[in-house]
Amino acid sequence: MKVMAQMAMVMNLDKCIGCHTCSVTCKQAWTNRSGTEYVWFNNVETRPGQGYPRTYEDQERWRGGWRRDRRGRLRLRDGGRLAKLARIFANPKLPSIDDYYEPWTYDYENLISAPLGEQMPVAPPRSLISGKPMKVSWSANWDDDLAGSPEIVPGDPILAKVSEEVKLQLEQTFMFYLPRICEHCLNPSCVASCPSGAMYKRSEDGIVLVDQDRCRGWRMCVSGCPYKKVYFNHKTGKAEKCTMCYPRIEVGLPTVCSETCVGRLRYLGLVLYDVDRVLEAASVEDEKDLYEAHRRILLDPTDPTVIAGARAEGISDEWIEAAQRSPVYALINTFQVALPLHPEFRTVPMVWYIPPLSPIVDAVSRDGHDGEDVGNLFGALEALRIPVEYLAGLFTAGDTAVVDAVLRRLAAMRSYMRDINLGRETQPHIPEAVGMTEKQMYDMYRLLALAKYEERYVIPTAYVATGPQLEETGCSLSFEGGPGMYESGPFGEASGGPVPVAVETFHALQQRQTHEGMGANAERPSRVNLLNWDGRGVPSDMFPGGKS
Numbered sequence: 001m002k003v004m005a006q007m008a009m010v011m012n013l014d015k016c017i018g019c020h021t022c023s024v025t026c027k028q029a030w031t032n033r034s035g036t037e038y039v040w041f042n043n044v045e046t047r048p049g050q051g052y053p054r055t056y057e058d059q060e061r062w063r064g065g066w067r068r069d070r071r072g073r074l075r076l077r078d079g080g081r082l083a084k085l086a087r088i089f090a091n092p093k094l095p096s097i098d099d100y101y102e103p104w105t106y107d108y109e110n111l112i113s114a115p116l117g118e119q120m121p122v123a124p125p126r127s128l129i130s131g132k133p134m135k136v137s138w139s140a141n142w143d144d145d146l147a148g149s150p151e152i153v154p155g156d157p158i159l160a161k162v163s164e165e166v167k168l169q170l171e172q173t174f175m176f177y178l179p180r181i182c183e184h185c186l187n188p189s190c191v192a193s194c195p196s197g198a199m200y201k202r203s204e205d206g207i208v209l210v211d212q213d214r215c216r217g218w219r220m221c222v223s224g225c226p227y228k229k230v231y232f233n234h235k236t237g238k239a240e241k242c243t244m245c246y247p248r249i250e251v252g253l254p255t256v257c258s259e260t261c262v263g264r265l266r267y268l269g270l271v272l273y274d275v276d277r278v279l280e281a282a283s284v285e286d287e288k289d290l291y292e293a294h295r296r297i298l299l300d301p302t303d304p305t306v307i308a309g310a311r312a313e314g315i316s317d318e319w320i321e322a323a324q325r326s327p328v329y330a331l332i333n334t335f336q337v338a339l340p341l342h343p344e345f346r347t348v349p350m351v352w353y354i355p356p357l358s359p360i361v362d363a364v365s366r367d368g369h370d371g372e373d374v375g376n377l378f379g380a381l382e383a384l385r386i387p388v389e390y391l392a393g394l395f396t397a398g399d400t401a402v403v404d405a406v407l408r409r410l411a412a413m414r415s416y417m418r419d420i421n422l423g424r425e426t427q428p429h430i431p432e433a434v435g436m437t438e439k440q441m442y443d444m445y446r447l448l449a450l451a452k453y454e455e456r457y458v459i460p461t462a463y464v465a466t467g468p469q470l471e472e473t474g475c476s477l478s479f480e481g482g483p484g485m486y487e488s489g490p491f492g493e494a495s496g497g498p499v500p501v502a503v504e505t506f507h508a509l510q511q512r513q514t515h516e517g518m519g520a521n522a523e524r525p526s527r528v529n530l531l532n533w534d535g536r537g538v539p540s541d542m543f544p545g546g547k548s
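Following this note's numbering, the numbering of the sequence shown begins with 1 at its first residue and continues without gaps.
Take these hints with a grain of salt, some might be off.
As the list claims (entries may be wrong) - Heads up, simulated DSS-like pairs for lysine-lysine below, C-alpha to C-alpha not over 25 Å straight-line:
id, residue 1, residue 2
1, LYS15, LYS93
2, LYS439, LYS452
3, LYS235, LYS135
4, LYS135, LYS27
5, LYS201, LYS27
6, LYS27, LYS161
7, LYS238, LYS84
8, LYS288, LYS161
9, LYS161, LYS439
10, LYS235, LYS132
11, LYS84, LYS201
12, LYS201, LYS161
13, LYS2, LYS135
14, LYS238, LYS27
15, LYS238, LYS93
16, LYS452, LYS15
Everything labelled a hint here was simulated from the structure, so no lab data went into it.
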């Protein structure tokens, strides 16, 4: 057993309202430069729909991910080294700009420069690629308005796999939102596809990155990724992808998409896994067994054997303790309500999802029954507005039994917690019916419904000793016996060793989540001014002569 650490994410789809705040903030932080106009490291898809880029899940067309050959070995679906070498200068399996969308802006100048006429001038769309006028006909989430419509449904690869019965019931249309980022897989096919070795997986936390200096623009990584979360920048000739905001992760901050999520549906945490079993888990014969195989890779961080193995691999006690408090491990293995996205791609993804339960309570109550009675809820699961077959096509390679078990746990939680909220005696048979204890049921409720900031994001910091020096410039006067620049220093407020801005902001935000007092500079107080003051309390130095 070789223990390694992996940063992972879980998203609760029951909470996603499709506001796209995560997409916009990610766009502004990471892809707001030339050449990335069409790039969305984070995008929110409306289901049913074709996704972004169009039909990316259809691997018969795009040939991404891995396949299992007759001898039980994993092979890249897009071909090995010789196959890639034969077409290295002409890769035919890339999505075109039409599969993404042609980015555009608007000719606002026309609004103020148009000649006087009978018609009100407009700002017509113009292509950001050619600069010519264009007609907008597709975008990153065109499905948002058309999901479930006859125009979109025929192109949905998942709907094409489920039964005819689901297709024929689309007059009872269903819709839910699916946020997507890079999966930072344990068995990434994009890394295996890269001819130049520019794609790599960090050994310390498992984040998959692109070395921009080594990238030669072969674009094999774009073809190899079955989730199509690697993009090609035509301005720089380099591949780019989601970095899981690793500069923030290293100082204990959550990703931008997590930080700004309106629904608070994202959970970030560290998991420990056995790297020696990854290939075995990704190679199981039956696709429906992949979920359980993926789950078994993740190790119990409280097991003394696992702790000893982690320490032997150089994983610090701080990281082990973070893995023990990880909300991701709890949702995947303890409560067993999180599922991987398309395990059949055999990349062992590390962004998991809690499937949406849909408005089941309202549906039961509409017929005059008690909408939160556990018996009624369990009976209504078979008549969900969102078909279980469709969810299974997304998360369990078609195994409806696993999805049904997750939905039963979520429904049981609602019924069990109603008694507590109404001050009645609890019913122990409800959690027992889904294989859980009362404590586990309540803990799951706390995590899914009431979790505070530090419970949703359990992120161990990296490079503790050198982090501040990397972010802030050092001082040549700080040596033994020298004048130094510590604390306030002799040369004014900016001298000394200021707290790194990212760390200071993090502690301010963390303080704001849990305390009523002043949040700025919570851990290592430094000078408070009007720019970093959060409005709570009155710092003694801000208003000379005033009362603090």
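Hints versus structure:
1. LYS15 - LYS93: 35 Å, violated
2. LYS439 - LYS452: Judged against 25 Å, a Cα distance of about 19 Å means the pair holds.
3. LYS235 - LYS135: 24 Å, holds
4. LYS135 - LYS27: Given that 25 Å is the threshold and the Cα spacing comes to 23 Å, the pair holds.
5. LYS201 - LYS27: Holds, at about 23 Å.
6. LYS27 - LYS161: 33 Å, violated
7. LYS238 - LYS84: 18 Å, holds
8. LYS288 - LYS161: 14 Å, holds
9. LYS161 - LYS439: It is violated: about 39 Å lies between the C-alpha atoms, which goes past 25 Å.
10. LYS235 - LYS132: With a Cα-Cα distance of about 18 Å, the restraint between LYS235 and LYS132 holds, given a limit of 25 Å.
11. LYS84 - LYS201: 21 Å, holds
12. LYS201 - LYS161: 32 Å, violated
13. LYS2 - LYS135: Distance ~55 Å between LYS2 and LYS135 Cα, so the pair is violated.
14. LYS238 - LYS27: 18 Å, holds
15. LYS238 - LYS93: Measuring from Cα to Cα gives roughly 18 Å; hence the hint holds.
16. LYS452 - LYS15: 15 Å, holds
Comparing the model with each numbered hint stated earlier shows that hints 1, 6, 9, 12 and 13 do not hold.
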